[in-house]
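Undergrad: Use the sequences and the hints to build the structure in full.
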Amino acid sequence: MGIHKYFQSLSDLEGIFRCPGVFKYQEHSVASHSFKVATIAQFLATVEARNGKTVDWKTMYERAINHDYSELFTGDIKTPVKYALPKLRELFSQVEGSMTQEFLDKEFPPEFRKVYEERFKEGKDSTLEGKILAVADKIDLLYEAYGEIQKGNPEPLFFQIYKEALASIIKFKDMASVRYFMDVMLNEMINEEITSHAIIKSITKKLLSDGPAN
Numbered sequence: 013m014g015i016h017k018y019f020q021s022l023s024d025l026e027g028i029f030r031c032p033g034v035f036k037y038q039e040h041s042v043a044s045h046s047f048k049v050a051t052i053a054q055f056l057a058t059v060e061a062r063n064g065k066t067v068d069w070k071t072m073y074e075r076a077i078n079h080d081y082s083e084l085f086t087g088d089i090k091t092p093v094k095y096a097l098p099k100l101r102e103l104f105s106q107v108e109g110s111m112t113q114e115f116l117d118k119e120f121p122p123e124f125r126k127v128y129e130e131r132f133k134e135g136k137d138s139t140l141e142g143k144i145l146a147v148a149d150k151i152d153l154l155y156e157a158y159g160e161i162q163k164g165n166p167e168p169l170f171f172q173i174y175k176e177a178l179a180s181i182i183k184f185k186d187m188a189s190v191r192y193f194m195d196v197m198l199n200e201m202i203n204e205e206i207t208s209h210a211i212i213k214s215i216t217k218k219l220l221s222d223g224p225a226n
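Take the sequence shown: its letters are residues 13 to 226, numbered as in the numbering used here.
Derived by calculation from the structure, the hints in this document are not laboratory data.
Computed from a predicted structure; not experimentally measured.
Treat the hints with caution; some may be incorrect.
[What the hints assert, rightly or not] Distance condition first, Cα-Cα at most 25 Å in a straight line; then the derived DSS-like pairs of lysine-lysine:
#, residue 1, residue 2
1, Lys48, Lys65
2, Lys48, Lys118
3, Lys65, Lys99
4, Lys183, Lys133
5, Lys99, Lys175
6, Lys136, Lys163
7, Lys133, Lys118
8, Lys17, Lys126
9, Lys48, Lys143
10, Lys70, Lys143
11, Lys143, Lys175
12, Lys218, Lys143
13, Lys65, Lys17
14, Lys217, Lys183
15, Lys143, Lys118
16, Lys175, Lys185
17, Lys133, Lys17
18, Lys99, Lys143
19, Lys65, Lys163
20, Lys183, Lys48
21, Lys217, Lys143
22, Lys136, Lys126
23, Lys163, Lys185
24, Lys217, Lys175
25, Lys185, Lys136
TA: The following block contains the structure:
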């Protein structure tokens, strides 16, 4: 028993790759995703703070950096499978929660267990920090898909991932940080010269004008 096992497990997250079973030019590990989400969340929170919102920075960072730790036990399930049915997603969440709790009970000293139970639980909720995490997670997913499209990946799934990620982000358009992303960053993105520029531009403009599809 000891934190040694926890530290050792962090290296294992480098070997768990996102979007398994699909051809990719660039692999993204769960570890790198967690770092990117924390970095994106930092910027989103900065925008929110500049617009008068009170950010609990400690909670925001803890949620962002730990949000996918449970995938150490289950891996990254294919998105179409994971979200095929609400009940299926609920079952995956239960399995992840159960295995994470078992790891905490077995490896963490009692004096640290409670605080890490809080850090490893689902962080996406109705709080500002929970919304920031939800948006940051989808922004990184969008950029992963965009990167594959930029490289000329012919797999249609990445256009679908881009579309679904953007639709999810737009649902939070009441947030100042999301409006900044939509008004500034997306315009910079779709005006880049890439092979599939016209398709990306079409998807983005349609979603921004119509809102996410039901």
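Undergrad: Against the 25 Å threshold, does the CA-CA distance of lysine 143 and lysine 118 hold or violate the hint?
TA: violated (32 Å)
Undergrad: Straight-line Cα separation of lysine 217 and lysine 183 no greater than 25 Å?
TA: Roughly 15 Å separates the two Cα atoms, so the pair holds.
Undergrad: Holds or violated: lysine 48 and lysine 143, Cα atoms, limit 25 Å.
TA: holds (16 Å)
Undergrad: Would you mind confirming whether the straight-line C-alpha gap from lysine 175 to lysine 185 stays at or under 25 Å?
TA: holds (16 Å)
Undergrad: For the pair supplied as a hint, lysine 65 and lysine 99, confirm whether the alpha-carbon distance does not exceed 25 Å.
TA: Since the Cα atoms of lysine 65 and lysine 99 sit roughly 35 Å apart, the hinted pair is violated (cutoff 25 Å).
Undergrad: Taking only the CA atoms, is the gap from lysine 183 to lysine 133 under or equal to 25 Å?
TA: Between lysine 183 and lysine 133 the Cα gap is close to 23 Å, so the pair holds against 25 Å.
Undergrad: Against the 25 Å threshold, does the CA-CA distance of lysine 217 and lysine 143 hold or violate the hint?
TA: holds (23 Å)
Undergrad: Hinted pair, alpha-carbon criterion (25 Å max): lysine 48, lysine 118. Please report holds or violated.
TA: violated (29 Å)
Undergrad: When you check the alpha-carbon spacing of lysine 163 and lysine 185, does it fall within 25 Å?
TA: It is violated: about 29 Å lies between the C-alpha atoms, which goes past 25 Å.
Undergrad: Please verify whether lysine 48 and lysine 65 have alpha carbons no more than 25 Å apart.
TA: holds (23 Å)
Undergrad: Sort out whether lysine 143 lies within 25 Å of lysine 218, counting only the CA atoms.
TA: The given pair, whose Cα atoms are some 24 Å apart, holds under the 25 Å limit.
Undergrad: Taking only the CA atoms, is the gap from lysine 17 to lysine 126 under or equal to 25 Å?
TA: holds (17 Å)
Of the numbered hints stated above, those contradicted by the structure are hints 2, 3, 6, 13, 15, 19 and 23, listed in ascending order.
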